[in-house]
Each structure stands twice: as C-alpha cells, then as structure tokens.
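As numbered in the numbering used here, residues 371 to 791 make up the sequence shown, in order.
Bear in mind the hints are in silico, worked out from the structure with no lab data behind them.
Just so you know, not all the hints are guaranteed correct.
[To be verified] Below, simulated DMTMM-like cross-link-like pairs (lysine to aspartate or glutamate); rule was C-alpha separation at most 25 Å, straight line:
#	residue 1	residue 2
1	567	683
2	563	629
3	566	629
4	717	407
5	566	626
6	566	683
7	563	683
8	717	404
9	567	629
10	717	629
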Amino acid sequence: MPLVNFFALFVSVFFLMTGIGLLGTYLPFSMSSDGIEPSIIGGVTSAYYFGMFVGAFTSTAIIRQVGHIRAFAAFAALTTAIVMGHALYGAPFFWGVLRFLCGIAAIGLFTVVESWLNEMTEPNRRGRIMSIYMIISYLGMVAGQLMLNLAGTKEMGIFLIVGLMLSLCIVPLSTTRSVHPQIPGLKKISIYKIIKKSPIGVFGCLTAGLVNGAFYSIGPVFCHNIGLSVSQLSLVMGITISGGLALQRPIGLISDRFDRAYVLVVVSAVASSLSVAVISMAELSFSHLVSVMAFFGGFSFVLYPVSVARAHDLFDTEDIIPVSSTLLLSYAVGATVGPVIGSLAMKLGYGPYGLFIYCAVVQICFAATAFYLRNRELVTVVAAEENAPFVIMKDTSAYAVYIDPRTDEDLQNGSGDRDRE
Numbered sequence: 371m372p373l374v375n376f377f378a379l380f381v382s383v384f385f386l387m388t389g390i391g392l393l394g395t396y397l398p399f400s401m402s403s404d405g406i407e408p409s410i411i412g413g414v415t416s417a418y419y420f421g422m423f424v425g426a427f428t429s430t431a432i433i434r435q436v437g438h439i440r441a442f443a444a445f446a447a448l449t450t451a452i453v454m455g456h457a458l459y460g461a462p463f464f465w466g467v468l469r470f471l472c473g474i475a476a477i478g479l480f481t482v483v484e485s486w487l488n489e490m491t492e493p494n495r496r497g498r499i500m501s502i503y504m505i506i507s508y509l510g511m512v513a514g515q516l517m518l519n520l521a522g523t524k525e526m527g528i529f530l531i532v533g534l535m536l537s538l539c540i541v542p543l544s545t546t547r548s549v550h551p552q553i554p555g556l557k558k559i560s561i562y563k564i565i566k567k568s569p570i571g572v573f574g575c576l577t578a579g580l581v582n583g584a585f586y587s588i589g590p591v592f593c594h595n596i597g598l599s600v601s602q603l604s605l606v607m608g609i610t611i612s613g614g615l616a617l618q619r620p621i622g623l624i625s626d627r628f629d630r631a632y633v634l635v636v637v638s639a640v641a642s643s644l645s646v647a648v649i650s651m652a653e654l655s656f657s658h659l660v661s662v663m664a665f666f667g668g669f670s671f672v673l674y675p676v677s678v679a680r681a682h683d684l685f686d687t688e689d690i691i692p693v694s695s696t697l698l699l700s701y702a703v704g705a706t707v708g709p710v711i712g713s714l715a716m717k718l719g720y721g722p723y724g725l726f727i728y729c730a731v732v733q734i735c736f737a738a739t740a741f742y743l744r745n746r747e748l749v750t751v752v753a754a755e756e757n758a759p760f761v762i763m764k765d766t767s768a769y770a771v772y773i774d775p776r777t778d779e780d781l782q783n784g785s786g787d788r789d790r791e
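Build the full structure now, drawing on both the sequences and the hints.
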C-alpha cells in the first residue's frame, strides 16, 4: 500500500501521542508539587500500565465486533472522557482509578493503529512504515512535553489541551477511506517455550519495562524534587525522549551487523553508567544534566526493540505474533512494577537521585544476565545478514501486538503448542 494511504492514520497517531505524552508528564509533576509522597505517585502512575495489562484481555472483543475505525473512535472518546474526569477531583486514589481506566482505553487505541499498519503493509516495506510510525509517535510525545509550557501549572488548561488532542485524533481516521484490515489465522506456541528458547529477549523486555516505566512515571517527580521549573522539566523530558529517537536507528543498524546479545550487553552497561552519570550531575549545571539525559534516553529506550529483534531471530515467521505477545507481557509487568520500586528508592533515604540508582542497578543486572545467557540459549547462531531486520519500536505502544484481535484465542487458552487448523 502506498505511503500516502497511511497519512490519516499517522496524523491521528501524532495527536494521540501528543495528548498522552502531555498527560503522562503533568500528573506526576502535579502530585509532586502538592507534596504527595513519591511512593504514592508511583502507585498512581503504575495503575496506567496495569490498565494496559488488563486491557490486553478485554479490548480485543470490541475490535473484532465493530472493526478498527469504530473501535478507535470509541476508545479515543472514552479516553477523552476519562482525562476530563481528572479535573473533577484531585485525590491520588481517584486519579489512580482514572489512570487504570485510561490504560485500558489507550491499549485499545494502540492495537487499532499497529494492527492496521501490520496488516496493510507488504513485508518488504514493513520496516520503513514502522520506522515512520515510530518517528511520528516520538515527535508527538516531544510535542506533548513542550505543550506543558502553554498552560503552566493550571490543571484545567492542561486537561483541556489533552482532551483537545484526543478529540482531534478521532477525525482523520474516522474520515479515511481505508478498508478494514483482514485478520488471518495464527499458530499457537506456549509462553514457557518462548522463555526457554529466548530468555535474553524476554528478560530484555522486562528490563525495558522496569526502567522506562519508572522514568516516564517518576521522571517528572525527579525534575521537580531537584528544583527544576516547569519549562526546564518539559525540556528534560523532551530531550530524553528525543535522545531515544535519535539513537534507535544507529544502534539498530549495529545490532543487524553483530550478535544482538552482545549489543544488548553493551547497551545495558552503557545505560547503567549513564544512570550513574546523572547522579554525579547533582552539583553541575542544568546544561550538563540535559546532555547526559539525552544519551540516557538513547541507550535506555533502545533496549526494548533490540530485545524484540533478538527474540525474533530465534523463531519462525509464523511464531511472530505469539512471541510478540510474550515479550509485550514481560514489558507490561516491568512497567507496572518499575514506578513503584523507583519511587521507593527515592523515598528510602536516596532522595530524587534514588530513581537513577534503581535504573543503574536494574540495567547492570540485565547486562550481566545477558552475558551469562549468551551461550546458553537454545539456538543456532546465524549469519548477521540472515537476522531478522531491526525495526524501530516505541516502548509503550508496542503493547498493541500483544492484544491484536488475532491473539484473542491464544490469550484465553494461555498455553499450548497446537497449530490452528
């Protein structure tokens, strides 16, 4: 399908990620400004990822019954209503419930977008289309961080902007003439078999969730606690996300040429050292902090897509969806637990930099684990040119593969290696 046929979808993605990026940064910042403890903030933000986990088992039926376009409109409208509900009452428990519901709706949106792209793209162009999708998603998230300056700390202004972005994302996709993607059959494969065959890929996705989930949720709290202004906070978050976008392609190309297991070891070790470097920035200028955060984002955010590519190197083409489901489940678990542990690290005597102590420990532990497991995976190493090509992937919307309607029966069965007849 020509690239121009995805124009409406990409415009919807930009508006969607702008709204989600802005809300995800503002809520923890607002709670931190109100003096709420980091552990409570971590619990509230973790509710969003837990909602995604639950949504993986609940949203597929809606997509299958009403189709991609109507499902997208329904999920976007629901997300808009939930966002506006934040302005009614500012208690952490109430916001936690809303974040949980928002996660359920958001994962439905991501499912529609990514299943649409995968179904309507030829295999030899899928990498290019997904790369464009990732660039637009990251640009939307960066725009969301910068929009924090438009309304400052005014709650109603922030929620209105988020609601506006989510409302606008409905229009392009609802008016497109693109047809409903077809849903082919799938092969079944047990989760245990996937973990046993590719532990590095599974643990890499889990690590990515632990680190990235904590950063997205607790990063704004860290910025507030070290005394940054709203404009500085939005700049730090935006630069970090931009770093994640900038380094994805170079590191991806390296992983296509060399053993991805060793690439993951190096990337994790460098990310851990950058976490330590952030801690050392306590007495240095803001410009130094921004510079280090750009590289921190670059090496931390690339861990997920390289782990996914590593896992897919070891499986046949017909196993792609069930393998992706297991990898995304690992990320969801990490992203749910990460904000809680990260906030506890900040609370237990380490102050705001406890977040990066936690990140450093998690990243170096995975580097050691990946190095240990490198020669223990049940796989025959193939030549670099035969590896599955690296595809830039965003660490949050990749959940969509996990809840693609085609995996609905697999998820309900939970296990089994029987092929679909």
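Tested hints:
1. 567 to 683: holds, 11 Å
2. 563 to 629: holds, 22 Å
3. 566 to 629: Judged against 25 Å, a Cα distance of about 19 Å means the pair holds.
4. 717 to 407: holds, 8 Å
5. 566 to 626: Given that 25 Å is the threshold and the Cα spacing comes to 23 Å, the pair holds.
6. 566 to 683: holds, 14 Å
7. 563 to 683: Measuring from Cα to Cα gives roughly 15 Å; hence the hint holds.
8. 717 to 404: holds, 16 Å
9. 567 to 629: Measuring from Cα to Cα gives roughly 16 Å; hence the hint holds.
10. 717 to 629: Distance of about 39 Å is beyond 25 Å: violated.
Comparing the model with each numbered hint stated earlier shows that hint 10 is the single one that does not hold.
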